[in-house]
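Protein chains in written order, with my numbering: chain A, -15 to 258; chain B, 41 to 275.
Be a bit skeptical, because a hint or two may be false.
[What the hints assert, rightly or not] Derived DSSO-like pairs: lysine-lysine, alpha-carbon spacing no greater than 27 angstroms straight-line:
no.	chain 1	residue 1	chain 2	residue 2
1	A	K119	B	K87
2	B	K261	A	K15
3	A	K15	B	K182
4	A	K152	B	K63
5	B	K102	B	K146
6	B	K255	B	K222
7	A	K168	A	K220
8	B	K146	A	K152
9	A	K152	B	K87
10	B	K182	A	K4
11	B	K98	A	K15
12	B	K261	A	K4
13	B	K255	B	K243
14	A	K152	B	K261
15	B	K63	B	K102
16	B	K222	A	K4
17	B	K243	B	K72
18	B	K182	B	K146
19	B	K87	B	K129
20	A	K15	B	K247
21	A	K119	B	K98
By construction, these hints were calculated from the structure, which means they are not laboratory data.
Since this is a predicted model, take the numbers as computed values, not measurements.
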Amino acid sequence: MNMEEQAVAQQKVDDPNLLKKDHDFVVPGDKIISSIEYIPGRNCFRDGDSIYSKRLGIVGVENHVISVVPLAGVYTPQMGDMIIGEVEDIHTAGWFIDLDTPGSAFLPLSGVRGFIRSGTDLSKIYNVGDLIYSKVVSCTRQGINVSMQDPRARKLFGGKVINISPVKVPRLIGRQGSMISMIKRMTGCNVIVGQNGVVWMNGEKDALVTEVVDKIDREAHIEGLTDRIEKFIQNKLPKGFVPQPQEEEAPAESSGNFSDFQAKREDQGAGDGG
Amino acid sequence: MKRIDGRKPDEIRPITMQAGVLKRAKGSAMVKLGRTMAIAGVYGPRKLHSKHQQDSTKAVLKLTYSMAPFSTDERVRPGPSRRSTEISKVIRQALEAAICLEEFPKAVIEVQIDILQAEASTRVAALNAASIALADAGIPMKDLVAACTAGKIDNDYILDVAGKEEDVTFCDLPVAYMPREKKITLLQMDGDLPVKDVENVIKLAIKGCEELYEKQKEALKERWISNLKLVEAKA
Chain A
-15 MNMEEQAVAQ QKVDDPNLLK KDHDFVVPGD KIISSIEYIP GRNCFRDGDS IYSKRLGIVG
45 VENHVISVVP LAGVYTPQMG DMIIGEVEDI HTAGWFIDLD TPGSAFLPLS GVRGFIRSGT
105 DLSKIYNVGD LIYSKVVSCT RQGINVSMQD PRARKLFGGK VINISPVKVP RLIGRQGSMI
165 SMIKRMTGCN VIVGQNGVVW MNGEKDALVT EVVDKIDREA HIEGLTDRIE KFIQNKLPKG
225 FVPQPQEEEA PAESSGNFSD FQAKREDQGA GDGG
Chain B
41 MKRIDGRKPD EIRPITMQAG VLKRAKGSAM VKLGRTMAIA GVYGPRKLHS KHQQDSTKAV
101 LKLTYSMAPF STDERVRPGP SRRSTEISKV IRQALEAAIC LEEFPKAVIE VQIDILQAEA
161 STRVAALNAA SIALADAGIP MKDLVAACTA GKIDNDYILD VAGKEEDVTF CDLPVAYMPR
221 EKKITLLQMD GDLPVKDVEN VIKLAIKGCE ELYEKQKEAL KERWISNLKL VEAKA
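Throw the hints in and build the complete structure from the sequences for me.
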């Protein structure tokens, strides 16, 4: 972006036509701007010349796009999101995954790494009740498709699962993962956050991590969150606590159950990814 | 003209609106119009678990209006009645116009409204509460829906029919209104009145809706902004 364009963009943010400024609170039906020079982004809509908010949230103005960051609500899947879901049902062509969203997600056989021989018992790969960390590859009217074809994707063994409001997930992760990596480093817990608001953790200090996540859920929109959380953890930890990096819990029973060679390989491959 | 409770003809009873009153619901609100008091909770959107009820193009809105047994002079029999079923239906239709249901196919949004205290105009109090609760739950909506009643006594048009007025008014006319699009989503009438008077009564009710609409926005603003401030102070 050259200087001129930058100046134009800056001017747009300070546009006097904006009825609601950047970071202003809006409710559904609030008029944000009456201009055709802007494009309605997420959680906004155009009616005639004006752009209105569709949800309760905070206005974001970036270049010519107006969007609303919601303060409440359920998770709306987006392509590329990493989510944690529970296997709900097994189908001939794949698995149904429960993501805590209004619609169900589907993990097709093509979304699994490795070759699956015909006639394989799919429950040996992912069984009902298993937790998976996977990627959203498409979300259309037909439904949400997820895939394990991502280096981060894996099956989750053991541990504990809690929920956080999906709109607060970005704060739990922090800028470039600063918050989550700090929590992991200080507590020695292995923590994985799904964009759908499901948090999986494994480690000795999981009770503390639960408290921290609840605290973030409550105080997500107050400035200086990272510092406050850091102090909070320091106060809660016993003196001289040295976090032990969490060893991956071995999938003890799985090695026996995996009669199919390919299925075994797929599981190992997924384990390596984490 | 002075009204039974001393209000001006175009004056609404004292209004209290509060969002986020229930902890376990996704969104909630309490609305008081004088002594009429409604509380609403919103759950979902979540998967609708009886497949034959699912709609593959949009979400289903399930709304239940019920009166607490102790809400009136005579005990109300708990459970659904002919009256509460009808009111649930009209409120649901009034809100469906505003909610972007098409964003959640095969899902259900559940709204539960309870009238804790009734002194006329319970359906508009219920509607106002439900509208705030839906916005509080973060459900996408084209606008908030505000509702108000109006009527006529002798030669005067009156806003927000309350208490004993219900027995002496020529007509009792609740209106739900979306101020942004200037659309009416609920219109009912009890009693009879010449067409010209009805027009005037509707106009008056819309004026009341606009007033309540601002109060709804304030309630939401207060919940979310004061909530943030409270935590700030604690920290």
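Consistency of the hints with the structure:
1. Between K119 of chain A and K87 of chain B the CA atoms are separated by roughly 21 angstroms; this keeps the pair inside 27 angstroms, and the hint holds.
2. For a cut-off of 27 angstroms, the pair hint linking K261 of chain B to K15 of chain A stands: about 15 angstroms separates their Cα positions.
3. In summary, the hint linking K15 of chain A to K182 of chain B is supported, as the alpha carbons are separated by about 11 angstroms, within the 27 angstroms threshold.
4. Taking the CA atoms of K152 of chain A and K63 of chain B, the gap is near 17 angstroms; set against the 27 angstroms cutoff, the hint holds.
5. Restraint check for K102 of chain B and K146 of chain B: satisfied, since their Cα atoms lie roughly 13 angstroms apart, inside the 27 angstroms limit.
6. Restraint check for K255 of chain B and K222 of chain B: satisfied, since their Cα atoms lie roughly 17 angstroms apart, inside the 27 angstroms limit.
7. For the given pair, K168 of chain A sits about 15 angstroms from K220 of chain A by alpha-carbon distance, which is consistent with the 27 angstroms threshold.
8. Restraint check: the Cα-Cα separation between K146 of chain B and K152 of chain A comes to about 25 angstroms, which is no more than 27 angstroms; the hinted pair holds.
9. Between K152 of chain A and K87 of chain B the CA atoms are separated by roughly 22 angstroms; this keeps the pair inside 27 angstroms, and the hint holds.
10. Using a Cα cut-off of 27 angstroms, the hinted pair K182 of chain B and K4 of chain A holds, with the two alpha carbons roughly 17 angstroms apart.
11. At most 27 angstroms may separate the alpha-carbon atoms for a hinted pair to count; K98 of chain B and K15 of chain A meet this at roughly 25 angstroms.
12. A hinted pair counts as satisfied when its Cα atoms are at most 27 angstroms apart, and K261 of chain B with K4 of chain A qualifies at roughly 14 angstroms.
13. Note on K255 of chain B and K243 of chain B: the hinted pairing holds, with a Cα-Cα distance of about 19 angstroms set against a maximum of 27 angstroms.
14. Taken as a hint, the K152 of chain A and K261 of chain B pair is honoured in the structure, with Cα atoms around 19 angstroms apart against an allowance of 27 angstroms.
15. The hinted pair formed by K63 of chain B and K102 of chain B meets the criterion: a straight-line CA distance of about 20 angstroms does not exceed 27 angstroms.
16. Among the hinted pairs, K222 of chain B with K4 of chain A is consistent with the structure: their alpha-carbon atoms are about 21 angstroms apart, no more than 27 angstroms.
17. Taking the CA atoms of K243 of chain B and K72 of chain B, the gap is about 23 angstroms. The hint holds against a cut of 27 angstroms.
18. Note on K182 of chain B and K146 of chain B: the hinted pairing holds, with a Cα-Cα distance of about 20 angstroms set against a maximum of 27 angstroms.
19. Simply put, K87 of chain B and K129 of chain B have alpha-carbon atoms about 21 angstroms apart, close enough for the 27 angstroms limit, and the pair holds.
20. With a C-alpha separation of about 20 angstroms, the suggested pairing of K15 of chain A with K247 of chain B holds against the 27 angstroms cut-off.
21. For the given pair, K119 of chain A sits about 25 angstroms from K98 of chain B by alpha-carbon distance, which is consistent with the 27 angstroms threshold.
When the structure is compared with the earlier hints, no violation turns up for any of them.
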